[in-house]
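S.K.: One letter stands for each residue in the lines below.
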Amino acid sequence: MKLFGKRRKQRRPFVSATTLDTAFSRRSFVVGAGMGGIGVLLASRMAYLSIAEHEKYTLEAESNRVNLALIPPRRGWVLDRYGAPLASNRADFRVDVVPERMTDAMGTIRKLGEVLGLTADQVADVQQRASEAVGAQPIEVAAGLDYDKFAAVSVRLPDLHGVVPQRGFSRYYPTGPSVAHLIGYVGPANAEEYKKERNPLLVTPGFKIGKDGLEKSFDQQLRGVPGARRVEVTASGRIVKQLETREDVQGSSVHLTIDGPLQDYVARRIGLESGGAVVIDCQTGGILALVSMPAFDPNSFVGGIGRKRWEMLNSDDHIPLLNKAMRGLYPPGSTMKPMATLALQAHGISPEETVHCPGGYQLGNRFFRCDAVHGTMDMQNAIAHSCNTYFWSMAHKVGYDVIAPMARALGLGQEFDIPGTSQRYGTIPDSEWKMRRYKQQWTDADALNAAIGQGYVLTNPLQVAVMTARIASGRNLTPSLLLNQKKADGPALPFTPEMLAVTHAGMFQVVNGAGTAARSRLDLDGIQMAGKTGTAQVRRLTSRGHVADWASRDHSHFICYAPADKPRYAMATTIEHGGFGASAAAPIAKDVMTYLFDPAKGMESLRAKEAEWGGRPDERMARKYAAFVGDAEIDKTLPSRLNDQGFKRVDAESRVPPEKPPTPPSVTKA
Amino acid sequence: MSIVPAPVARQPWRMLIPLIALVSFGSLVLYSAGGGGWQPYAASHLVRFGMFLVIALVATRMRREFVQFLAYPAYAIVVLLLVVVEAVGAVGGGSQRWINLGPLVLQPSELMKPVIVLVLARFYAALPVGMVPTWRALVPAGALIAVPMLLVLLQPDLGTALAIGFGGALLMFLAGLPLTWFLGAGAAAAVVAPLAFFFGLHDYQRKRVFVFLDPESDPLGDGYHITQSKIAIGSGGWFGKGFDQGSQSHLNYLPEPHTDFVFATMAEEWGFVGGLFVLVIFALVLSWGLSVARRSNDRFAKLLAAGMTATIFFYVAINLMMVMGLAPVVGIPLPFMSHGGSSMMTNMICIGTLMMIDRWNRRAPRGGLSG
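Taken in sequence, the protein lines are chains A and B. Convert by adding 64 to the 1-based position in the first sequence; the result is the number in my numbering. Convert by adding 2 to the 1-based position in the second sequence; the result is the number in my numbering.
Treat the hints as calculated values from the structure; they're not laboratory data. If you're wondering where the values come from, they're calculated on a predicted model, not measured in any experiment. None of the hints are false.
Per label pair, the in silico range of CB-to-CB distance:
hint, chain 1, residue 1, chain 2, residue 2, range
1, B, 45, A, 195, 41 to 51 Å
2, A, 195, B, 53, 43 to 53 Å
3, A, 219, B, 37, 15 to 25 Å
4, B, 208, A, 105, 19 to 29 Å
5, A, 105, B, 201, 26 to 36 Å
Glycine included, each C-beta is placed from N, C-alpha and C at the ideal position.
Input sequences plus hints: build the corresponding full structure.
M.R.: Shown next as structure tokens:
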């Protein structure tokens, strides 16, 4: 465009008022045209957005506006044999954060922690999870809040971006640590679990999956069907109105053969010791109690396990995270002897055949020392006095390959079809096993060790309990954990009632005669208990009895059944490093059996002991945790046991007649 | 002659009626953006407009000579204010863009937009015609533009600096400076722009440009604004979701629904039809402004009128391009619709100036003196 005339060759074009005026007209026209052009461009852009792309943006606006929130289904209950809940739910208030919507995630969480009274440790946990979060998924900050705290957060919402207070349900275990290993615990799904299942429910805040034990085995059954809520939300996540709601369907419950109060009693009676105990119904094979102590409080795991708590549990030499009843392997010691007598009889050894015990047994140039000089021993007395020499001599004579099949037939070294924690099934050795495992010949010394439940023999308390139940009933009972799903007995056991009678008589004498556990005789009219002690060496070179170092003391075992004449309950107790079987394990078994037949009397004994130990396990644990993290960070969220009114109670006290008021310690607990 | 009194009939109703319609429409949109109430935005929007309109009507009575006389002092005062703002900001720590004068919050950089047009119009009106194609036409004008631009850039406020630069350059163009200079400047800018982009801009400004080029790269940060604004406009469709029914604005998805993104708020509720209405009114107002410039008798009035029109246009164009995703996010409000005193004042100064020139035109019909 030539705006300045035609005289281009001149260095300076000719300019006058007229040319400027013309230039202005032309150029203002250009400017006007440019404006018009941009106007048209804007109009067409507008048309493109609002007409051509209308559907796409409408959809995006809707997906902004409407939020489909899954309502976590209420988890199914785990019930004991009387229908009382071992695991239930309780309504609570919860606070979540959505890291994506937070402007200052770390600061807001810190502020939230102050409002909720979280410990520095808990705040750090949440901050870490928030920094690892992906997408719009909310993270649970705290659950089980009381209304005051919930309200305090709700009022401060304008300052707390991305914080979402919710009402929901959380898992509740009325007897806490007593059922920890049996039932396991629940927790939020982690990234791996989510990757495996790809179910959006897993990352819905407030939704928990079973992490361990029965909670894990029956997770799908317990889960239920989530509800859904379509809500209109603001950009900061505040819910403006409910659009529609579909109710959740609670998960179905799981009925166990467990006797809730008994389970609680056994757990509490183990006290300060470390060990496992299993009680089996001799009529059905149903497991009445399956306990491993010390344990953790599964209630404190519901909102995710705090790092400090985890540290404390991991650093405990009593290994509270191990289910000792199913995964703890111990040499069973002399509790093997009743089984061995059955094997010997089935092999043709007469119960009257005697062995002289001079205080030990000479094998080649090695002398196996017995506990005492027992003198002449027949089979029955060998059980009653736990004479090793008798069993060494017999095992040397018949060979261990005769005993091992009976051990297996009675359940030792076997894995049972029981849901929950996977079992470690240990070893019942024989010559073939040793060759396979170590490429070595089976020696006589191996046989002697195995005969008294030492050496290569390793069993878990559940197996020992099954063995006891099978010996007590004479039936090949199959242990079961689900109520009304009794499993058929296995093939008939390879011994006759006459052979069994000899073994029973020996076990009767252990407790009621001059046997090793005479002090643990039941103080009940007309009900007697038969049993067998076991003391298993942990280290070969230590002498028996009390050693200062806890970890090198012997394991203390006791198996028993009662009533002796008409077996109803069979029990196996293992106390790690408890010393003599008669001193640690047998008294526990005695109290448990007493409780089974006379709850009030059993409670009396337990209360006296708990007063010495410093309260119930959950109370002791709370104190221990407080000491571990320091006084400043006492975890106040440990739920109370007393506010589950309306439910059938499952704790040990519930068996005691109602006219007896609860003792002060359990009332004053906050 | 007519029942309408002469002072009323004299007013430029061709522009005033659409403008009042636009402001009223704007207050309806602000009514909705304020959560469905006259408070806090809609009422004050109308009050401000009425107040500035009365001031403008009074100011139209100013004479040409007085306005010409006013140009340099006004420029000097505003530059001084810019320096003061800069100094206060430096003393107080951090950037500051306004001065608190009791109840009045003054943003000098806003004032500079009409004033730069005024001072350049004055400069070129007084420049002897023969000097237009010489350096004497360029260098002083360049300095007049550069000083406030640099001061505003220091604040830092890129949007306003560009608006000042745009006004100044447009005035040079209309003043008849040789076209080759503009082409040369364009070529130079093409070379310098990338360098300035990488070395001259602040990080947040650079990021805005990147995000503009690819909004999805940062859907929750800066891209969020553009994305949400497009969703608001796009979901409006032909006729919109209805008055006070916009979910994007009411549920806070749309950032700044009452200021920079007021057009998106409007488009969500009134749809394409509403958007077209707004565009048509701006076209009417701006074309009236250009016609006032063309009808003017002298160079000063022509340049002043065209410059004021261009200033309004720059606001409209940049704002609408921004909300529709055609330009990066720069904080420039939409004239007569966005809530905010400073922007209303600037735009009413422009409108008032145009009305004043319109009045000059009527009093001294075409063909008189030239300046």
